[in-house]
Structure formats: C-alpha cells, structure tokens
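Chains as they are written, first to last, in this note's numbering: chain E, 6 to 346; chain C, 6 to 346.
For the record, the hints were derived by calculation from the structure and aren't laboratory data. Quick caveat: nothing in here was measured; it's all calculated off a predicted structure.
Note that the list lumps identical chains together, so a pair holds whenever it fits in one copy or between two copies.
Only pairs whose alpha carbons sit at most 25 Å apart, straight line, appear in this in silico DMTMM-like list of lysine to aspartate or glutamate: (1) Lys152 with Asp283; (2) Lys268 with Glu207; (3) Lys268 with Asp283; (4) Lys286 with Asp154; (5) Lys268 with Glu100; (6) Lys174 with Glu279.
Number of protein chains: 2
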Amino acid sequence: MPRAVLFQETGGPEVLTIEEVPDEAPGAGEVKLRVLAFGLNRSECQLRAGTYPMMAAVFPSRIGREACGIVEAVGAGVEGIAAGDWVTTIPNVVEVQRYGVYGDMAIVPAGAVAPWPDGLSATEATAVWQQYLTAYGPLVAYGKVGKGDVVLITAATSSVGHGCIELAKAAGATTIATTRDRAKRDDLTASGADHVIVTSEEDLVARVLEITGGGGARVVLDPIAGPGIAALADAAAQGGEIYLYGQLDRTTTPFPLIPLLRKGLTIRGYTLWEIVLDRMKLNAAKSHILGLLGSGAIRPRIDRVFSLEEIVEAHRYMESNRQNGKIVVAVDPAANERRKP
Amino acid sequence: MPRAVLFQETGGPEVLTIEEVPDEAPGAGEVKLRVLAFGLNRSECQLRAGTYPMMAAVFPSRIGREACGIVEAVGAGVEGIAAGDWVTTIPNVVEVQRYGVYGDMAIVPAGAVAPWPDGLSATEATAVWQQYLTAYGPLVAYGKVGKGDVVLITAATSSVGHGCIELAKAAGATTIATTRDRAKRDDLTASGADHVIVTSEEDLVARVLEITGGGGARVVLDPIAGPGIAALADAAAQGGEIYLYGQLDRTTTPFPLIPLLRKGLTIRGYTLWEIVLDRMKLNAAKSHILGLLGSGAIRPRIDRVFSLEEIVEAHRYMESNRQNGKIVVAVDPAANERRKP
Numbered sequence: 006m007p008r009a010v011l012f013q014e015t016g017g018p019e020v021l022t023i024e025e026v027p028d029e030a031p032g033a034g035e036v037k038l039r040v041l042a043f044g045l046n047r048s049e050c051q052l053r054a055g056t057y058p059m060m061a062a063v064f065p066s067r068i069g070r071e072a073c074g075i076v077e078a079v080g081a082g083v084e085g086i087a088a089g090d091w092v093t094t095i096p097n098v099v100e101v102q103r104y105g106v107y108g109d110m111a112i113v114p115a116g117a118v119a120p121w122p123d124g125l126s127a128t129e130a131t132a133v134w135q136q137y138l139t140a141y142g143p144l145v146a147y148g149k150v151g152k153g154d155v156v157l158i159t160a161a162t163s164s165v166g167h168g169c170i171e172l173a174k175a176a177g178a179t180t181i182a183t184t185r186d187r188a189k190r191d192d193l194t195a196s197g198a199d200h201v202i203v204t205s206e207e208d209l210v211a212r213v214l215e216i217t218g219g220g221g222a223r224v225v226l227d228p229i230a231g232p233g234i235a236a237l238a239d240a241a242a243q244g245g246e247i248y249l250y251g252q253l254d255r256t257t258t259p260f261p262l263i264p265l266l267r268k269g270l271t272i273r274g275y276t277l278w279e280i281v282l283d284r285m286k287l288n289a290a291k292s293h294i295l296g297l298l299g300s301g302a303i304r305p306r307i308d309r310v311f312s313l314e315e316i317v318e319a320h321r322y323m324e325s326n327r328q329n330g331k332i333v334v335a336v337d338p339a340a341n342e343r344r345k346p
Numbered sequence: 006m007p008r009a010v011l012f013q014e015t016g017g018p019e020v021l022t023i024e025e026v027p028d029e030a031p032g033a034g035e036v037k038l039r040v041l042a043f044g045l046n047r048s049e050c051q052l053r054a055g056t057y058p059m060m061a062a063v064f065p066s067r068i069g070r071e072a073c074g075i076v077e078a079v080g081a082g083v084e085g086i087a088a089g090d091w092v093t094t095i096p097n098v099v100e101v102q103r104y105g106v107y108g109d110m111a112i113v114p115a116g117a118v119a120p121w122p123d124g125l126s127a128t129e130a131t132a133v134w135q136q137y138l139t140a141y142g143p144l145v146a147y148g149k150v151g152k153g154d155v156v157l158i159t160a161a162t163s164s165v166g167h168g169c170i171e172l173a174k175a176a177g178a179t180t181i182a183t184t185r186d187r188a189k190r191d192d193l194t195a196s197g198a199d200h201v202i203v204t205s206e207e208d209l210v211a212r213v214l215e216i217t218g219g220g221g222a223r224v225v226l227d228p229i230a231g232p233g234i235a236a237l238a239d240a241a242a243q244g245g246e247i248y249l250y251g252q253l254d255r256t257t258t259p260f261p262l263i264p265l266l267r268k269g270l271t272i273r274g275y276t277l278w279e280i281v282l283d284r285m286k287l288n289a290a291k292s293h294i295l296g297l298l299g300s301g302a303i304r305p306r307i308d309r310v311f312s313l314e315e316i317v318e319a320h321r322y323m324e325s326n327r328q329n330g331k332i333v334v335a336v337d338p339a340a341n342e343r344r345k346p
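My request is simple: use the sequences and hints to build the entire structure.
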C-alpha cells in the first residue's frame, strides 16, 4: 500500500502523520506518480498551521505540491504523458487534500505535470518550480528586470529568495539580498548576491541608498510584510515596485503613504497562483526557466535532505528559519544520485 | 503695479493676502502673463495649510499653478511664444513661491506654457490641465483603460473627479462615481457617471459588486486614502489597480494585505508630477487631451467663479467640500465670455 503524509487538524508539525492509503488508479485527466523526492514550501507550513492566507485545509488532507517521480499510470484523456516518464510537478494544484504529493505515491492532475529538467538529480528536480516560477512573475513577467536595475530581495535565504537572486542575476540586474543572520552572508554571496545586508546589524535603508548612490532599488521582492514595509518603501527608487508575496510577519503592516505618493511607488500583492493558473503565463515561464537551467545560468540550491519518516522534523526545521536553500524529502534514499535515464 | 496673492505663513484661508508686487520683466526662459483667470486646486489649500505631502512652502510665497492669460513679454531664449499669445499654464512649476499664478500678473517658466484650447472661455481654459492631466496618468498612460473596464472614482465631485469620469467615459469604460452627498448624485450622472454611490447611505463594496456582477472594479482612482482603502481593496477586481493620488483623509491608512495577496492587487501612489515633469509623457498627455477637447468628448465643468478679491472665500469654499466641478477665480470680470480671438 502507498504511504502518504496526512493531517486531520491544523497545528504544529506533529499533526503530520504517515499513513497507508488505498492504492487507487488515476481517474480521468489524472496521472499517478511513484514519488522519488518532494520539496517543502512555506505555504505548506502555513496550510498545516491554519495561517495560509489563500485557503484553508479540508480534512482529512494530503499536503504538498512539488515532487518529482516516475509515471506509474495515466487516466483517461491524458495525452503526452506515459507510464515510465520521469517528470516533475508544477505547484498549481488547488485541491491539495486529494492531490498532495508528500508520500511515496501521488495522483496529480495532468496539468500539474512538467518535464524533468536535463541533468538534474531527483533532489534538484523537485526544487525547480516553486522557487523559479515565484521569482519569474515579479522579475520577468511584471518587473521586466534587466541590466542596470537594482533588485532588493528580503528573506533571501529561502528557496524562493535564492531563486530570485539567480533569476535577477541571469537578467543582468544588481542584487541586494537581506538576511537576519550574519552567518548566512557568505552563502548568499555564493548564490550570486552582489550585496548582502544583515538586517539584525545594519540599517537596511542606509545600506541600500549607499549601494545605489542614493537612487534606491527599482524592484523589491518581499515575502515578509509587517512593519518592515516602511523601510522597503524608503529604500525603493522613484517609481519603484514592491512585490509582496507573503506574510511571514503576522503583525500589522503599516501603509507607507507618504513615500508611496512622493515616489510614485507601486505595491503589488503577488502569489504564484497568478502564474501557474494561467496557461499562457505558465508556458512562457516554463520555457524561460528550462532555458536558464539548460544553459547552466541557474541551478537549484539544496539546503538539507530529509527522509519521508522525518517529515515532522523537516517541517520543524523549515519553521526554525535555519535553512539556506531548498528543503527536500528524499522518498527514494538514492534521490541525490537518481537522474532521468 | 501688479497684484498677487501671497502668504507669509501656513494657516487657514485668511493667511492669503492680495499685495502689490514689483512689475518685473521676465528673466531668461520666463514668460510674463496678464492673467485672465486662474483655477483652484486642493494641493494649493494643502500647501497653504502646511499639509501638502509633496513639499513645504518657502516664505514669502506666491501660490497657484493653473491660469490662462495673454502673454505680455517673454524673456531671453524663449522660442515659440510671443507677446499677445493667448495661453494656459500647465501645473508643472516646483518653485511656486516665485511662479505662483494667483494674481493679475504672473511670471512662469516657458515650459509651463501650453496652448489655449479652441472654443473655451477663459474660465474653462484655466480648468483644463490639472484635472485632465491628473486623470490621464492612471487611466490612459498606466491603467490603459478601455471598453469593458469598470473604473471606480472616489470623491468624484472634485474637478479631478469630473476629469476622471470624462476621460474614462471617452475611453469606453463604465464609470462608478462616489460622493458623500446625495444632493450631488444627479450632477455626477450629468457628468457621465454610469453609476453613483452615495457613500453616506450605501455600502460601497456591495454596490460595486452588484454593479459588476461580483467582478469588482479593474481600476480605482482615490484621492482620499485613510480607512476607506479597505473597502476599495474589497471592491477591486482580481488583478485590480488602485491609484492613490492624495490624502484627503489624514487619519491612518490601513494596509489591505489579505485582499492584496488574494487578488494580486496593485496599489500605486500617483501624483501629477510624474506626468508634468516628464517631457515625453507630458507631450503625449497634452495631445490626447487637446484631441478630446477638440472633438467635444470632454469639457471642463465649472462649479463657481470668484473674483480676485474673494480669494480667501474661494479657498474657504473649496475646503467646505460643497463644490461639484472646478472653482475658478476670474481676474478679468468678463472671463466667462473671454475667448481666444
């Protein structure tokens, strides 16, 4: 019998349990995968905890949207995907209670299935879509970042933060990454950050203005919200764009009205949903990302790999904010070496 | 000796005084006008009161940016403008302490001088630029409003509100205008508002959703800020754009984080400065507006005309919020009938 991670109530990491589940065949439009590895995302911690702003869990619920694996079977009407294919999944699934991928077997809608990028191991292949697709929206589709632009990336040690640094660098921009933890400075530099601001020790606004010769950052990517917004507005350039894509700080966010008016700033709420639920945008994004992976311009950074049995510990680790890159669960113990044949 | 409106300190309307000033010749790059009429704008009340978010007055100060008149003389290096020309002024002057136009004579930079639109009286000609240029940015340059779009315009009885209704209608959009005062409903309808919401009596969000079949407004134009922002975010469509162009409500503005994230909303601070200080944008905007005036698609709506001697009363009237359209001061008592020869 397949094993899946389930939760029956919201709460701490311990609400996640590994259960045997019925070995179903895929229904119409569905694809069944043998999961080799899956990636963890912050939104899954929030869904589990009941704090995800976009939706609430429906119990009993599976969890997880980002996996790689080998197709076991396809349901009626599925074209272009066949048993034996090595594939990844795009995090575009709304009905996660049924389609969650944490486990050794998963059933997902065919529209969630994407290519396994050439040359990536299973632990890397499961770490592609959430981070680069999230970065793609503000940096490429909307912000149209290019040479000469300065991009400020907060909470930069998350997997999405790394994805933002890499995509901004690939576009020719100058990147400023922030972290609270001075120990992560060198890792961020290694990931391509041109400048690192340790916010627990340095004045963010002063440093950004110093780095930019007083001009400020044209594009800001922030998953935190909360009181830090005031400094981001002060650090933004005239006509700057602040993309808010999360709410890690759950205290009240002030409205930076005066800099907004004085500098003609844009603050835009953004979630990955607007890319992954729009077929045209998604296709453009996938092509862009596969191209950059193929050329070696970007490569997922894996922080730590857990086993399936360690899922509670893996969630706990994500919530400790000690990571620097992607947290992956290797369902296949050899996932680090498994490559598409 | 010319007479000009001056103020020596911030305060209520009574700080404005009419003083005789030296009859100067225009300097290099300057144009001297005999003023026939000038328009009042909210930002001038704020500058006078010391609450203008964009800048503070430098005393002693002239005041006002929007006038029409006849060129008396031009300074060195001014081309394309000659004594005897009937002209208007664009509100693009930063050094208002010297270049303010409230008075019977004004000196302005040549870059502030614009054509007098054909067929408009002096009271109308002085009421063109602030309202239509302000509306142009969010509706045309940025929001690219067109057929099928729903535009929500708050505080719609101001001159800029009227300009927004007219420009949105000219672009083919459906317009929803708000006012606190039910007595102004018919006037807004007469100005082209497809729907009017009286916010003192009706639920703004419920009405917008009802009018739009649940979809919300794609573009929102708001000069108020303050707590009302929450309702505007709830009334905005998925992917909607809220342009904040003022701060009439000086209480704290809450940050509508959840609708911002859920709907991928954009909130953009906007002031007319970004159009009028950018030559390319300004030229495009002027052509657009002169074209619509020429075809009769738009026409300034004059609320009330004061004499120069009534300047204190005119400011007091603007701050009473009783107006519905443009407040003009006719320096020439026959300004209503004066037309470019």
